[in-house]
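Asks: Sequence:
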Amino acid sequence: MTCMIVATDLSERGDRAVQRAFLLAGKAGASLVAVTVVDDSLPADVAALMVPACEAQLTRLIAAIPSAGTVPHEIRVLRGDPALAVAAVSAAERADLLILGLHRARPIADLFRETTMERIVRQVACPVLLVSTPAATPYLGVVAAVDFSPAAAAALRCAHAIAPDAPLFAVHALHVPYRGLMPADTIGAFLGEAEAAEAGWRRTQVLPDGLGKVELIEGNVEQVLSGVLSRTGADLIALGAHARSGLHAAVVGSVVARMMREPPCDLLIARPD
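According to the working numbering, the residues represented by the sequence shown are 746 to 1018, in order.
You may find that some hints are simply not true.
So the derived label-pair ranges between C-beta atoms look like this [what the hints assert, rightly or not]: (1) A837 x A789: 52 to 58 angstroms; (2) P909 x T815: 15 to 21 angstroms; (3) V921 x P788: 54 to 60 angstroms; (4) N965 x L829: 50 to 56 angstroms; (5) T977 x P788: 46 to 52 angstroms; (6) L794 x T878: 32 to 38 angstroms; (7) V791 x I820: 28 to 34 angstroms; (8) L885 x A941: 31 to 37 angstroms; (9) G814 x A941: 47 to 53 angstroms; (10) Q968 x R821: 36 to 42 angstroms; (11) R805 x I962: 41 to 47 angstroms; (12) E967 x V796: 52 to 58 angstroms; (13) I962 x E819: 31 to 37 angstroms.
Bear in mind the hints are in silico, worked out from the structure with no lab data behind them.
As the structure is a prediction and not an experimental result, all values here were calculated from the model.
No residue lacks a Cβ here, since even glycine has one placed at the ideal position from N, Cα and C.
Starting from the given sequences, assemble the full structure and let the hints guide the process.
Replies: The following block contains the structure:
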C-alpha cells in the first residue's frame, strides 16, 4: 500500500480512526492524507469561519500522535457534501485504503436514511476500514467471513496487507435450510458442497500466503463471527462487499449493512479488484 486516506468529523470516534491510520501507514510505509469536511449546507460565512478552526483542531490531534512525525502526511479541509467530498478525494488520490470513524448513532433517523458513513462506503472503490476501538497496538487477529467469492478473496488480501503479522481466521457460515426438518445426515451433503466450492475458489483467486483451510461452521454469519471473535481474541473483521447466491451464500451485502451500524470490533470492507 502506498496511499491511505483517513476522514474524520473531529469527534472522539474520528480521533480513533486518525490514530489507527497513522499506525497502519507507519507500518506499511505509506503516505497519509487526513481529511475533514465542512458541510456546504452551512451558511457561507459560517463555513468560512469553520475551515481554519477545523484545520487547527486536526493539526493539534495529529501533533499528539507519537508516530506522526515518521509518517509522510498532509491535512486537508474540504468543503462540500461530506460523503461526496471524501469519495472524490479517495478517487483522486487513488487511495489503497480509506479509514473512517464510526457514525454517531441516531436510532430514529437511521431507520429511514443512509448514514454518511454508509454513503461513503457505497461510493468508493477502495477498501474501507471502520475503526471502533482505540488504536494502541497493531491488530491481534483477523476473522474473515468467506463466501467463496472474489470479494471475499479481496477482503482477505487487504486484511493481510494491513495486519501482516496477525493470525488470519477464515470462516464460512454454513447455511442449512429447514435444518429442523432435514434428516440427520443431510449436513454432510452441505459440507461436501462447501468443500468443493472452497477448492474451486482457491484455484481461481489470489489468496494470502499461508492461508489455512476455511473453517466451516453452521449458523448465520453474525453468530459465527461472534463465536470466532470470542474464541480467538481477534479484533478485526474482514468482509467482502458483494454476496454470492446459492446454498453457500453468506448474505454479505446485508451483513455489511447491519454490521456497519454496530460492529463488534473494527471492520474492513473490500470489493473485488
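Asks: All the hints need checking, so say for each whether the structure fits it.
Replies: Going through the hints against the structure:
The beta-carbon spacing between A837 and A789, approximately 24 angstroms, falls outside the hinted interval of 52 to 58 angstroms. For P909 and T815, the Cβ-Cβ distance of about 18 angstroms falls inside the hinted range of 15 to 21 angstroms, so the restraint holds. The hinted range of 54 to 60 angstroms is satisfied by V921 and P788, whose Cβ atoms lie roughly 57 angstroms apart. A hinted range of 50 to 56 angstroms for the beta carbons of N965 and L829 is inconsistent with their spacing of about 34 angstroms.
For the pair T977 and P788, the supplied restraint of 46 to 52 angstroms holds, since their beta-carbon distance comes to about 50 angstroms. The hinted range of 32 to 38 angstroms is satisfied by L794 and T878, whose Cβ atoms lie roughly 33 angstroms apart. A beta carbon spacing of about 21 angstroms between V791 and I820 contradicts the range 28 to 34 angstroms that was offered as a hint. Separation of L885 from A941 is about 33 angstroms and conforms to the stated range, judged on CB atoms against 31 to 37 angstroms.
At roughly 52 angstroms, the beta carbons of G814 and A941 sit within the given window of 47 to 53 angstroms. Taking 36 to 42 angstroms as the suggested C-beta distance range, the pair Q968 and R821 conforms, at roughly 41 angstroms. Range check, R805 to I962: Cβ separation about 46 angstroms, and the 41 to 47 angstroms hint holds. A hinted range of 52 to 58 angstroms is violated for the C-beta pair E967 and V796, which are about 41 angstroms apart.
Checking the proposed 31 to 37 angstroms range against I962 and E819 shows it is violated: the Cβ atoms sit about 44 angstroms from each other.
Of the numbered hints given earlier, the model fails hints 1, 4, 7, 12, 13; all others are met.
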